[in-house]
Every structure is written in structure tokens, then in C-alpha cells.
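Visitor: Keeping their order, the protein sequence lines are chains E and R. According to my numbering, the first sequence holds residues 18 to 97 in order. According to my numbering, the second sequence holds residues 86 to 542 in order.
A portion of the hints provided could be inaccurate.
Unchecked claim - Negatives, chain R to chain E, calculated, CB over 12 angstroms:
| no. | residue |
| --- | --- |
| 1 | F181 |
| 2 | G277 |
| 3 | S325 |
| 4 | K425 |
| 5 | M516 |
| 6 | A519 |
Stated by the list, open to error - Among the chain E residues that face chain R by a calculated CB cut under 8 angstroms, a handful are:
| no. | residue |
| --- | --- |
| 7 | Q54 |
| 8 | I70 |
| 9 | I73 |
Derived from the structure by calculation, the hints contain no laboratory data. Quick caveat, the model's predicted, so the values are computed rather than measured. Virtual Cβ for every residue (Gly too), placed ideally from N, Cα, C.
The chain contents come next:
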Amino acid sequence: MTMPSDTDTLTITIRKRPWWFWVLAGLWVLLEVLFLQTALASAREGEYRAAAISWIAVGVLAAAGVLVGFLQGRSNTPAR
Amino acid sequence: MQGVDRNNNVERERKQTGRRALLTAAGLIAAGGVPAAISALGGKPSGGSRKRAWWVKAVDRPTLGQKTGQFKRFSGDNIFVIYRQLKAQRDGAGSFEAEQAAKTKRLAGWMRDRKPGFRLPDHQLSEGAWTLMKSTEPGAGLLSWTRIAVNTPAELGVGRHTAPPEEMAKTVKAAARLYGAGLVGIAPMNEGYVNLRQEKKDIVFEDAEVPAVTDKKFVIPRTMKWVVSIAIPMDLDLLSRAPTSLGDAATGLGYSHSAFTVASLAEFIRGLGYQAIPSVNDTALSVPFAVEAGIGELSRLNKLVTPEFGPAVRLCKVFTDLPMAYDKPVDFGLVEFCRKCKKCAESCPSGALSFDDEPSFKTRGPWNNPGHKAWFEDSYLCFQHWQQVDNGCGICLASCPYTKAAQAWIHDVVKATASVAPAADGLFRIMDNALGYGRQHDPEQWWTRDPPSGARG
């Protein structure tokens with residue numbers, strides 16, 4: 018963190034994430050693990066369509082997670 | 086500056102704590118929580134007995150199959166006999182023989198043309214799978230009603246094995262699972278489920294000490310009050326290739342495993358000092374005993390569907406005088422699911438399965454035993470379709486949403502949810518189709534799969 022030269026104080030805002038964020042994060046991880054396992058296992062079962070759709074679900078969920086994480090990061094950055 | 090540093094540390098620590106918490110949560114869920122939860126959902130086997138999943142509930146009465154006063158012992162004539170008679174009645178004398186000759190000619194043509202699923206190796210794979218079953222006959226050889234080779238306790242110089250009924254049940258179930266049972270339960274003997282005749286002889290209950298097969302009758306001692314009902318899982322890798330010779334190999338293999346399992350279990354029970362009668366499709370109806378033993382529920386197929394393997398099982402049983410604790414019927418939401426699903430009926434090429442919303446007492450032919458409630462099937466149409474393929478069909482078994490290889494956890498999640506929240510049944514049916522389940526797998530691919538088989542539920 019860079020200290021502004023024209024002031025000798027710095028205000029840091031700590032925003033505690035709400036409880037539901039962690040619930041959603043847990044659910045996200047749960048679904049990612051479930052779809053990932055389904056994708057791998059479906060291929061072993063010879064159910065290639067199910068495997069392909071599960072891989073798509075894994076990808077979409079991962080992208081959504083990254084996007085939400087990015088937006089959360091931006092909203093937590095104090096305005097200059 | 087110290088304040089700033091401290092604040093920076095707080096900020097860094099907060100971020101680290103957040104990340105740590107997230108990673109810890111993820112790790113816990115991924116490494117422990119999910120597998121543990123799924124394991125609990127799936128109820129994986131442990132030791133000699135299969136622990137049922139929490140969503141398979143024991144109930145006092147079967148969910149379907151209620152009997153009325155009209156329910157009587159079945160004639161014992163199988164569909165092969167009935168079909169032949171009906172075919173002659175409808176299409177004239179010799180029509181059955183003509184159909185068989187046409188089938189043989191058609192099969193030979195498919196073999197010469199190397200039609201996938203019907204090539205010579207495919208056909209002979211099926212024939213090989215049937216070997217053990219085709220070498221059996223009720224009351225003789227492997228399915229002997231008296232001991233084959235086992236030494237009795239008296240010959241070994243000891244008394245018969247005794248234990249409380251609960252412990253006896255566990256012992257017998259452990260042995261059954263070792264010999265090949267995927268599921269095993271104990272039901273009370275019900276004379277109403279035993280056929281009237283087989284092999285042109287009467288089946289009778291008498292106050293005899295041992296089972297007997299004479300020139301005129303099969304004798305079941307009245308002391309045989311226990312039925313060990315067994316489900317043998319079919320090979321899903323083969324069944325998913327139905328209706329081909331490969332699909333039929335799954336059926337043959339299931340029956341051959343059944344014969345081995347009941348023969349071995351009967352010898353084990355005789356070795357403990359009791360009487361035992363092994364039975365595959367012969368002697369008695371397998372489905373009602375399996376329903377009462379809690380193996381599964383009666384379905385739209387008018388066959389048993391199990392929570393673990395769906396309808397992809399072959400049923401067999403052993404009658405005995407060995408006292409054991411009885412099991413109870415189960416309810417895992419199947420009847421409600423069948424009401425909405427109808428995928429088997431839509432998949433059936435012959436239109437043999439019922440599309441009715443509700444099960445009824447209305448039978449559809451002499452192959453149905455009246456006096457109980459069910460979704461009755463038209464076995465004549467079903468068997469007619471069998472003549473168009475190699476030996477059997479099996480599409481209904483393969484297409485049922487409960488027929489799933491036990492690899493993906495999502496199957497257990499779906500079955501558990503269907504059990505407790507029937508409102509989701511329609512969605513699951515749509516998803517089953519969308520994900521491509523129940524479609525025929527490439528027959529040729531079976532021979533090159535690594536490993537070529539092994540997805541036995």
C-alpha cells in the first residue's frame with residue numbers, strides 16, 4: 018500500500034463479508050465438487066452426454082465464481 | 086506510521102483469514118464433507134450386509150401390490166408356453182414355428198452382415214453367459230432340493246448351528262453376498278406366491294421333514310417358513326447395449342449368477358443343519374417375495390425396482406426352515422415417481438407397458454396373476470418383440486431413471502431427493518432425458534472398452 022504524500026493519515030475500511038456470502042461460497046464449492054465428480058464419473062460410466070453437460074456446468078460455475086469474486090473485490094476497494 | 090502498519094497488518098490478516106476460512110471450508114467440504122455426505126446418501130456396502138441409504142424407509146406394508154381375495158396361486162406356465170398357445174390361437178397352427186424359423190434366418194443374416202451387436206462373437210458371448218442357467222432344471226443338479234455335496238453337521242460330529250434369529254439373518258445375508266447377491270432380504274413364506282405346477286408336476290405343501298421331488302410332485306415341507314430373497318445386479322455395460330445379443334448377455338449372466346448364488350447358499354444352509362430349496366425363476370414368483378423382503382418396490386414395469394440398481398437385477402430365492410428375523414418392505418418414493426415418469430412405457434418398442442396414471446386391478450392377459458394391484462404389462466407384445474431381436478429385449482430395464490452405474494454421486498442425490506420431495510420427480514425425468522441417460526450405447530465399443538466390463542451397479 019502506498020502512502021499519499023500530502024497527508025500523514027490513511028483510513029482503511031474493513032468490510033466484513035455478510036454471513037450469506039460464506040453460505041453461497043460453501044454452496045458454490047459443493048456444486049463445483051459435485052459437478053466435477055459427475056463429469057469424471059459419467060465418462061467412466063460411458064455416459065458421454067452427461068459428462069459433457071457436467072463439464073459445461075463446472076465451467077459456467079467456475080466463471081460465475083471468478084466474476085463474483087472480481088466484483089466483490091472491486092466493491093471492497095475504497096474510492097480514491 | 087505504526088498505526089498504518091498495524092492497520093495494514095489487520096487488513097492483510099483479514100484477507101488471509103478470509104482466504105484461509107474459504108480454503109478451509111472448501112477443503113473440508115471437498116475432502117470430507119461431500120464424500121461423507123454422499124456415502125451416507127449412497128449407503129455403500131460394508132462387511133457382509135449392505136447398509137441401506139437413509140432415504141430407503143422400512144414400512145409395514147408394500148407400497149404397491151395389495152392383494153384381494155381373488156389372488157390365487159399362479160399356474161406356473163411361463164410366457165414362452167403362453168405365447169406359443171396365444172400365437173397359435175391368433176395366427177393359426179404352425180405360426181410360432183414359422184416365426185422361430187424366420188428369426189433364425191434373420192439372425193444368421195445379421196451375423197453374416199456383421200451387424201453391430203449381432204455379430205457371431207456378440208451372439209456367442211450371450212450364449213456363453215447363459216451356460217450355467219441353461220444347464221439347470223428345477224429340483225435337479227445345481228438346483229437340487231436336497232444336498233449336493235456339503236457335509237452335514239452330524240457327519241462332522243457337531244450339532245446344527247443355532248443363534249438368535251437376528252444373528253442368523255446376518256450370517257445368511259453375509260454368505261449370500263459372498264456368493265454374489267447385490268441385495269438380500271428375508272421374507273415370510275407365503276404359499277400364495279408358490280406356483281401350482283412346474284415340469285408337468287404339482288407343487289404341494291406337506292407336513293414333511295425334507296423337501297422332495299417325486300415322479301408326480303414337488304414337495305415343500307410346511308416347516309419352510311423363511312424365504313431368502315436375493316437380487317443379482319446385471320452388468321450395466323452390457324445392458325446399455327440392449328436390445329442386442331450383448332444386452333441379452335447381461336440377462337444370461339444375471340441368471341447364471343443367480344443359479345450359482347442360490348445353489349451355493351442352499352448348500353451353506355444345509356451345512357448348518359437345515360433344509361433349503363434353491364430357486365431362480367422356477368417354483369414361485371420372485372417379485373412379491375422380494376417386495377416383502379424389502380429388496381425394492383413394485384414399479385410401472387410390473388417388475389421390481391431397487392433403490393441401488395433400479396430394475397437391472399435378476400431375482401432368485403432360497404426357501405428354508407432356518408429361523409431368521411424377517412425384513413420389512415421399503416418405500417423410497419418409487420410408486421410416486423413411476424406415476425409421473427413413464428419413461429419405460431415410452432421407450433418400449435412394442436407398447437407393452439402401461440401408460441395409465443394409476444395402477445389398477447385390471448390384468449391384460451393370462452400371463453398376469455389377478456387379485457393384486459399393479460401396472461400390468463402386455464407380455465404377448467413384449468415377447469413378440471423379442472422374436473424380432475436375438476433373444477430378449479431389456480430396453481425398459483436400461484431406460485429406467487433408477488438404472489444407473491454407481492459411479493457418479495449425483496445419482497444418489499437425485500434418488501434421495503425423489504424419495505423425500507416427489508415434487509421434483511418431473512424435473513428429474515426431464516433432466517434424465519436431457520443428460521442422455523437410457524440411450525443405447527455403441528455395441529461395437531463394448532469390445533474395445535478398457536476395462537471391457539465391470540459397471541455392475
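Visitor: The output says G277 of chain R does not contact chain E. Does that hold with a beta carbon cutoff of 12 angstroms?
Guide: Consistent with the label, G277 of chain R stays out of reach of chain E, its closest Cβ about 40 angstroms off (over 12 angstroms).
Visitor: Non-interface claim for K425 of chain R: all C-beta distances to chain E beyond 12 angstroms?
Guide: With a cut-off of 12 angstroms, K425 of chain R remains clear of chain E, as the shortest Cβ separation is near 21 angstroms.
Visitor: Taking the minimum C-beta separation from F181 of chain R to chain E, is that value above 12 angstroms?
Guide: Non-interface label stands for F181 of chain R: nearest chain E Cβ at 37 angstroms, farther than 12 angstroms.
Visitor: When you look at the beta carbon of M516 of chain R, is every beta carbon of chain E farther off than 12 angstroms?
Guide: violated, 9 angstroms
Visitor: Using Cβ atoms and 12 angstroms as the threshold, tell me whether S325 of chain R really stays out of contact range of chain E.
Guide: violated, 7 angstroms
Visitor: Check the non-interface label on A519 of chain R: least C-beta distance to chain E beyond 12 angstroms or not.
Guide: violated, 7 angstroms
Visitor: Would the hint on Q54 of chain E be counted as holding, given a Cβ-Cβ threshold of 8 angstroms to chain R?
Guide: holds, 5 angstroms
Visitor: So, as I understand it, the hint says I70 of chain E touches chain R; can you test that by seeing if any CB pair is closer than 8 angstroms?
Guide: holds, 6 angstroms
Visitor: Would you check whether I73 of chain E satisfies its interface hint, that is, whether its CB is within less than 8 angstroms of any CB in chain R?
Guide: violated, 11 angstroms
The structure does not agree with the numbered hints 3, 5, 6, 9 stated previously, though it agrees with the rest.
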